[in-house]
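Visitor: Chain residues, written in single-letter form:
Number of protein chains: 2
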Amino acid sequence: MRLKKYTDYALRVLIIAASKSAGELTSIKEIAETFEISTEHVRKIVHQLNKLEYIHTIRGRNGGIQLAQSPEQICVGQVVREMENDFVLMECFDAEGNQCVLLPKCKLKHALNKALQAFLHVLDDYTLADLIVNKQDLRALLALE
Amino acid sequence: MRLKKYTDYALRVLIIAASKSAGELTSIKEIAETFEISTEHVRKIVHQLNKLEYIHTIRGRNGGIQLAQSPEQICVGQVVREMENDFVLMECFDAEGNQCVLLPKCKLKHALNKALQAFLHVLDDYTLADLIVNKQDLRALLALE
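Read top to bottom, the protein sequences are chains W and Z. Just so you know, we're using the working numbering here: the first sequence kicks off at 1 and counts up by one. Just so you know, we're using the working numbering here: the second sequence kicks off at 1001 and counts up by one.
Since the hints were derived computationally from the structure, they do not count as laboratory data. Using N, Cα and C, we set each Cβ at its ideal position, and we do this for glycine too. Among the hints, erroneous ones may be present.
Quick list of in silico lysine to any residue cross-link-like pairs, SDA-like style, CA-CA up to 25 Å [to be verified]: (1) K1044/Z <-> G1063/Z; (2) K1029/Z <-> L103/W; (3) K1109/Z <-> A32/W.
From chain W, some residues computed to sit far from chain Z (all C-beta separations above 10 Å) [stated by the list, open to error]: (4) K5; (5) S21; (6) G23; (7) S27; (8) I28; (9) T34; (10) E40; (11) H47; (12) K51; (13) H56; (14) I58; (15) G64; (16) S70; (17) E82; (18) E96; (19) Q99.
Use the sequences and the hints to build the structure in full.
Guide: What follows is the structure in structure tokens.
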């Protein structure tokens, strides 16, 4: 079972932005270098996080990226829902791609759906603030200190 | 979020085997044709399900595949655990492949792990018997009637 890399990186972008001190900005370049991923990949994720109003980007020479909401307001479950967006756990979750003959009467899909809801429900109990309670440790790892 | 196709098909093999009447066997050919997948793929899955003692295969002309346990004894959560086997939800779940600098102090992995346990816990409440309560409907879809 895997989440998309996109979701993984989106959460990391939020963690890095939340690990900053007041007024401190991050940047696509910093994120890409920190996690050793392409700037193009980061750019797409930042674009979506911006569209979803989790972050805003400040243009110009001293520009950069910062959170658009307080970490307490950003629900991890919600971010995962928005970044994953499809949750095709198995073929039968894909309305267009399903070829399984059992679908009309299958009880497995219902069980998997219940399991998925339990998964997301746990993440709904976490905000971004919970992920940076040890902010100083994270800042040290991110070499921000 | 996706489960492996391998897990999807393994559960379908168990459902088809459980949908048979006493003494009725299924076969790699029947499974492959029913789900429109390659016999090679089915063969691998059947081999593993056999190794795990969920099914046994009877050789010979009138041979085939049948459940090795009663459907009530086969836990869906356990099958998913065994077929998925790695659960690399994100990069940090992959001991060898992780490159994320945050890992030593990250709280996200803990949250995701808790969510994963909740997911599996729901599936632990289901046995194969729960997936075939409407066995006659499934038999009709499988054209066994």
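Visitor: Hint by hint, say whether it matches the structure.
Guide: Verification of the supplied hints:
1. For a cut-off of 25 Å, the pair hint linking K1044/Z to G1063/Z stands: about 18 Å separates their Cα positions.
2. Note on K1029/Z and L103/W: the hinted pairing holds, with a Cα-Cα distance of about 20 Å set against a maximum of 25 Å.
3. Taking the CA atoms of K1109/Z and A32/W, the gap is near 20 Å; set against the 25 Å cutoff, the hint holds.
4. Against chain Z, the non-interface label of K5/W is violated: not every CB pair exceeds 10 Å, the least being about 8 Å.
5. Non-interface call for S21/W relative to chain Z: holds, since the shortest CB-CB distance, roughly 17 Å, exceeds 10 Å.
6. G23/W, annotated as away from the interface, keeps every beta carbon of chain Z farther than 10 Å; the closest lies near 22 Å.
7. Taking the minimum C-beta to C-beta distance to chain Z, about 16 Å, the non-interface status of S27/W holds against the 10 Å cut.
8. With a closest Cβ-Cβ approach of about 17 Å to chain Z, I28/W is found to remain outside the 10 Å limit, as its non-interface label requires.
9. For T34/W, the condition that its CB be more than 10 Å from all CB atoms of chain Z is violated, with the nearest at approximately 6 Å.
10. The claim that E40/W is not at the interface with chain Z holds, since no C-beta of that chain comes within 10 Å of its own (minimum 18 Å).
11. With a minimum CB-CB distance of about 21 Å to chain Z, H47/W clears the 10 Å threshold, and the non-interface call stands.
12. Every Cβ of chain Z is farther than 10 Å from the Cβ of K51/W; the closest lies at roughly 21 Å, confirming the non-interface assignment.
13. Every CB of chain Z lies more than 10 Å from the CB of H56/W, the least distance being 22 Å, so the non-interface label holds.
14. A cut-off of 10 Å between C-beta atoms confirms that I58/W is not in contact with chain Z; the least separation is 24 Å.
15. Even its closest Cβ contact with chain Z, about 19 Å, leaves G64/W beyond 10 Å, as expected for a residue assigned away from the interface.
16. Here S70/W stays apart from chain Z, with its beta-carbon at least about 17 Å from theirs, past the 10 Å limit.
17. Non-interface status of E82/W relative to chain Z is upheld: no Cβ of that chain comes within 10 Å, the nearest being about 13 Å off.
18. The Cβ of E96/W sits about 15 Å from the closest Cβ of chain Z, beyond the 10 Å cut-off, so the non-interface label holds.
19. Remark: the non-interface label on Q99/W conflicts with the geometry, its nearest Cβ contact in chain Z lying 6 Å away (cut-off 10 Å).
Checked against the numbered hints listed earlier, the structure breaks hints 4, 9 and 19; every other hint is satisfied.
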